Amino acid sequence: EADIYQTPRYLVIGTGKKITLECSQTMGHDKMYWYQQDPGMELHLIHYSYGVNSTEKGDLSSESTVSRIRTEHFPLTLESARPSHTSQYLCASSELQGVNEQFFGPGTRLTVL
Amino acid sequence: AQSVAQPEDQVNVAEGNPLTVKCTYSVSGNPYLFWYVQYPNRGLQFLLKYITGDNLVKGSYGFEAEFNKSQTSFHLKKPSALVSDSALYFCAVRDMNRDDKIIFGKGTRLHILP
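Chains as they are written, first to last, in the numbering used here: chain A, 1 to 113; chain B, 1 to 114.
Calculated from the structure, these hints are not laboratory results. Check the hints yourself; a few may be wrong.
[Claimed, not checked] No farther apart than 30 Å at their CA atoms in a straight line, the calculated lysine-lysine pairs in the DSSO-like style are these:
id : chain 1 : residue 1 : chain 2 : residue 2
1  : B       : 49        : B       : 77
2  : B       : 22        : B       : 69
3  : B       : 49        : A       : 57
4  : A       : 57        : B       : 77
5  : B       : 77        : B       : 106
6  : B       : 58        : B       : 77
All of these numbers come straight from a predicted model, not from anything done at the bench.
Using the sequences and the hints, build the whole thing.
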C-alpha cells in the first residue's frame, strides 16, 4: 500500500546529540517536504526537495540539514540538538506536476532535554 | 505574497448541527486552495481542494467547501457535525510565486459537543 512513513514516532534525547529523523514514501512522489510544528500550532516549512539531489531551504530558518539520495527517502539531520529544537516534525510528499495535495506522515515528536 | 487567514482559533458546534470553518485568501492570479485536517498526534490529512470549476467542492468524510471569489473566501462546511469531527483544521493556498509551495493558515480547532 502506498504510504509515507516516519521514524521514530517519539524521541527524547540530551543536548548536543546528533540525530536523524527518517522519512520514506512508497507513493512514487518526486517532491518531498519537512515541516516543523509546535503542538496544535501552525506549520513552518523548513526544507523541501524536487527530486534526487535536490534540496532547498524553506521559510523557517533551521539548523537541520537534509539529503535526497533516493527518491523515496528524505532524512533530516540535526548535528547538535538543543532544547529549542523540541517540536513535532512532519514529512510530506506530493507529485511534481499539477496542483497536487501533499500527503503527510504521522510525524516525529522530538524532545531535547 | 499569497496568504490565507483563518479568523477563528476555535469553533464549538453541537453534534448534529451544521458546521462552518472559515478561511479567506489573498492571491495574485488564480487561487488554488486546500483544506486539511489533523487529529491528535497525527500528520495532516487532505480533505479537498479547489482548482477551477464548480464553486462547491466535495471532499472526504462528508465535508465540502464553498469557493467565493468576490469575498475571497473558501469556507469548510458539513451539514451535520459528528463528535469524531473534532480536530484541527488547516486552510492552505498554493503559492505560485514561490516554487509552488503550500502556504498553511494557522489552523482552527473544531470542538463538536455531544
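Can you confirm whether the C-alpha distance between residue 49/B and residue 77/B stays at or below 30 Å?
Answer holds: residue 49/B to residue 77/B is near 13 Å, not above 30 Å.
30 Å Cα cutoff - pair residue 57/A, residue 77/B:
With Cα atoms ~35 Å apart, residue 57/A and residue 77/B exceed 30 Å; violated.
Can you confirm whether the C-alpha distance between residue 58/B and residue 77/B stays at or below 30 Å?
Between residue 58/B and residue 77/B the Cα gap is close to 10 Å, so the pair holds against 30 Å.
Given hint residue 106/B paired with residue 77/B - CA-CA distance at most 30 Å
Judged against 30 Å, a Cα distance of about 18 Å means the pair holds.
Hey, residue 49/B versus residue 57/A, does the alpha-carbon distance stay inside 30 Å?
26 Å, holds
Hint check: residue 22/B vs residue 69/B, CA-CA at most 30 Å. Holds or violated?
14 Å, holds
Of the numbered hints stated above, the single one contradicted by the structure is hint 4.
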